[in-house]
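A.B. asks: Assemble the complex: chain A is given as a structure, and chain B must be docked to it using the hints.
Here is what each chain is made of, one letter per residue.
There are 2 protein chains.
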Amino acid sequence: MSLAEAPMERRSDIGAEMRVVGRAARSAARRLSRATTVEKNKALAAMAASIRESADVILAENALDLAAAREAKLAGSFLDRLTLTPERIEAMAKGIEEIAALQDPVGAVLAAWDRPNGLHIERVRTPLGVIGVIYESRPNVTADAGALCLKAGNAAILRGGSDSFRSSSAIHACLVAGLKAAALPEEAIQFVPTRDRAAVGLMLTGLEGNIDVIVPRGGKSLVARVQMEARVPVFAHLEGINHVYIDREADLEMAKSIVVNAKMRRTGVCGAAETLLVDARVADRFLKPLIEALQQAGCRVRGDERSRNVVPGVTPAVESDWSTEYLDAIIAVKVVDGVKDAIDHIERYGSHHTDAIVTNDKRTAQRFMAEVDSAIVLHNASTQFADGGEFGMGAEIGIATGRMHARGPVGVEQLTSFKYRVTGNGQIRP
Amino acid sequence: MSLAEAPMERRSDIGAEMRVVGRAARSAARRLSRATTVEKNKALAAMAASIRESADVILAENALDLAAAREAKLAGSFLDRLTLTPERIEAMAKGIEEIAALQDPVGAVLAAWDRPNGLHIERVRTPLGVIGVIYESRPNVTADAGALCLKAGNAAILRGGSDSFRSSSAIHACLVAGLKAAALPEEAIQFVPTRDRAAVGLMLTGLEGNIDVIVPRGGKSLVARVQMEARVPVFAHLEGINHVYIDREADLEMAKSIVVNAKMRRTGVCGAAETLLVDARVADRFLKPLIEALQQAGCRVRGDERSRNVVPGVTPAVESDWSTEYLDAIIAVKVVDGVKDAIDHIERYGSHHTDAIVTNDKRTAQRFMAEVDSAIVLHNASTQFADGGEFGMGAEIGIATGRMHARGPVGVEQLTSFKYRVTGNGQIRP
Chain A
1 MSLAEAPMER RSDIGAEMRV VGRAARSAAR RLSRATTVEK NKALAAMAAS IRESADVILA
61 ENALDLAAAR EAKLAGSFLD RLTLTPERIE AMAKGIEEIA ALQDPVGAVL AAWDRPNGLH
121 IERVRTPLGV IGVIYESRPN VTADAGALCL KAGNAAILRG GSDSFRSSSA IHACLVAGLK
181 AAALPEEAIQ FVPTRDRAAV GLMLTGLEGN IDVIVPRGGK SLVARVQMEA RVPVFAHLEG
241 INHVYIDREA DLEMAKSIVV NAKMRRTGVC GAAETLLVDA RVADRFLKPL IEALQQAGCR
301 VRGDERSRNV VPGVTPAVES DWSTEYLDAI IAVKVVDGVK DAIDHIERYG SHHTDAIVTN
361 DKRTAQRFMA EVDSAIVLHN ASTQFADGGE FGMGAEIGIA TGRMHARGPV GVEQLTSFKY
421 RVTGNGQIRP
Chain B
1 MSLAEAPMER RSDIGAEMRV VGRAARSAAR RLSRATTVEK NKALAAMAAS IRESADVILA
61 ENALDLAAAR EAKLAGSFLD RLTLTPERIE AMAKGIEEIA ALQDPVGAVL AAWDRPNGLH
121 IERVRTPLGV IGVIYESRPN VTADAGALCL KAGNAAILRG GSDSFRSSSA IHACLVAGLK
181 AAALPEEAIQ FVPTRDRAAV GLMLTGLEGN IDVIVPRGGK SLVARVQMEA RVPVFAHLEG
241 INHVYIDREA DLEMAKSIVV NAKMRRTGVC GAAETLLVDA RVADRFLKPL IEALQQAGCR
301 VRGDERSRNV VPGVTPAVES DWSTEYLDAI IAVKVVDGVK DAIDHIERYG SHHTDAIVTN
361 DKRTAQRFMA EVDSAIVLHN ASTQFADGGE FGMGAEIGIA TGRMHARGPV GVEQLTSFKY
421 RVTGNGQIRP
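Going line by line, the protein sequences match chains A and B.
Residues 1 to 430 in our numbering are what the first sequence spells out, letter by letter.
Residues 1 to 430 in our numbering are what the second sequence spells out, letter by letter.
No wet-lab data here; the hints were simulated from the structure.
Please note: incorrect hints may appear among the correct ones.
If several chains are the same, the list does not tell them apart, and a pair holds so long as it fits within one copy or across any two.
[As the list claims (entries may be wrong)] Straight-line alpha carbon distances no greater than 30 Å define the calculated DSS-like cross-link-like pairs of lysine-lysine that follow: (1) 340 <-> 362; (2) 256 <-> 42; (3) 42 <-> 94; (4) 288 <-> 256; (5) 340 <-> 73; (6) 340 <-> 180; (7) 340 <-> 256; (8) 42 <-> 340; (9) 362 <-> 256; (10) 42 <-> 362; (11) 73 <-> 180.
Same shape as in the complex, but just chain A (with noise of 0.2 Å):
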């Protein structure tokens, strides 16, 4: 990962470099808060023409950049991440024409009322500012970024894995070839001209205060680190351990479907559920079918000694499961007694991502969507709908399980502020 290696470069003050991006980056978001929805769907457009003109380009650079991950022996799974095709660079295109297509969130009247002494107050949605993007080897992160941060007015400095420099740099060549096309200030969307870790820890103390809000997209050490030093802000998530609650009055077969696919359908996405609870009241007509059901799906299962009773030769869960994100085909069953003992677990537990109930009792649904804390919760539905797509927001840059400012997907709209705007005819205060 980017951050765990040694840089293989050092530039003689980066110091005084990250300095001038950021505040180029203040002057861009200043121009980019009043520019209109024209100019930044212009610029989109030009960005996803310029991304397939440049296919091979980018595949050259790419090239380059995995000659030297094989060389460093980096992990299979990485170089895939790593590796761009014809495919992978025209989906990057068809996302930017996507986020060009969603609404424009800033200059929204998000509320409005006037006031006795004849005041009228807006609330106006209003671009956070600059966006700061920490990311790993993935060079599409820079096209989903870039072109989210610009359509929600923000300017965006982008540092992304070092392994994939050549790759991320030629797709930011695209990316400032969009906004020229539409006369916008080329420093709107900025990526670190370096390699040097160092850009890092200079991001995260805000750059003289010139970035707003930090968003790591990446693995856990990515995260933890940005969020552990991060002087700024940071929408971030540190892991989906997700829950599937089945309930005394679910429906079999609606369980059985939900929590496999919550579980399988795709192991590595943080919206995998990662353990079953189980309403001891059905424990013993209801576990032998879930399990059978995980098990005919390829998944393992870790079971507590009372879903052992139940099904014996399940192998033994211990304490650090149920606090562990598999990420995948391995899902821990608890046994709980009833939906009261389930959130205790969960909230004991979970990660505040995305968590489920299965049942066909309404007021038990009611209670477990007030009292579980978590951004996103649901009933009768799978966890793997955690996804701004589902949500139909659009792309989004991840999923955020704090409280403040964001909480759940992280799209155009949950990357704006707001302000007050008052008119009046001459008011003065008493």
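C.D. replies: Here is chain B on its own, set in the frame of chain A:
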């Protein structure tokens, strides 16, 4: 100030004590998250009643605080803020009743939509969790802050200035009585049980993740320390360096009354104007009457060179004047070349709090309100309207100048978060 003084007592293990406070707050917050409007309002009404009944006790404790403060030779303004009277106690009780009368923000559905697959998605307002309030020796803040946090379904950890320890403790006892009367957990509003200033540092660490946001209420030094040391999000504003810009298209009479009101109605509030910017095009006609109106109202004026060329005899302004929050009957005056120059000055020296333009040109006003990146921008109205009550939001805990989560007046709605509630009938993701 509480943060600057030496501790008057030392607990054996304040760390352990504060950890207990944090855990108790978190569990109280969970109970509050499902407290009904009726329960919360019952508690608030009982708090107000208890404060009225306990007026004598509160005054007696306050007298002890005052005696100690006088002995410590604390300043008169400090003593005034510390002093309680029957009127101030009645105002506290009334304030709590006004908060009870506010609409309950929790549970409000902020948005709701259906997906093609039949999923019903709701964005629902939730409490933030546990709010740490750090304030100086103003006993009334104990009542305001505790009541506001409760109305929004949050647990509160209150740490008041140690010179008001007895007064605040007595007020806090009334809040607890109110919680009991409504059968809500007493730990929902905790008052840090020690004068030891180490408690503040511990709160800024978040107490093992048991404080979700810190709200500092007090002077610059307190807010600055909190912003610098806090490891959890902070709702704060450092200062209100607010501007009034008089445009070439302004009406002179309106300009005079707005400038005098913005500066002089109350000079000690954060919404007070500190700098007057006048369009060069009208400087010859407007500057003299504007400055005379201010001087007649008892305001001292410091002018830049261009304004002193028009109105000789004005004290020269120095560079530091443009970034000084006087909170006093002093104003800095500068001649600028139109709205763009005014915006540039505000962005360079302002504090993103509250800024106003006086003009009859709608397009100039729109540009000013779009490009001035402040929490509150006004057109033809006084900056002194920067107040939650004047906005119709009811009581506020302060005015935030950051762009994250809360901006502008921080009332009950701004003390909430949200979650996504997804309801299905067995949907799984393909």
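A.B. asks: Hint by hint, where does the structure go against what was stated? Just the numbers, ascending.
C.D. replies: Hint check: 2, 5, 11 fail, others pass.
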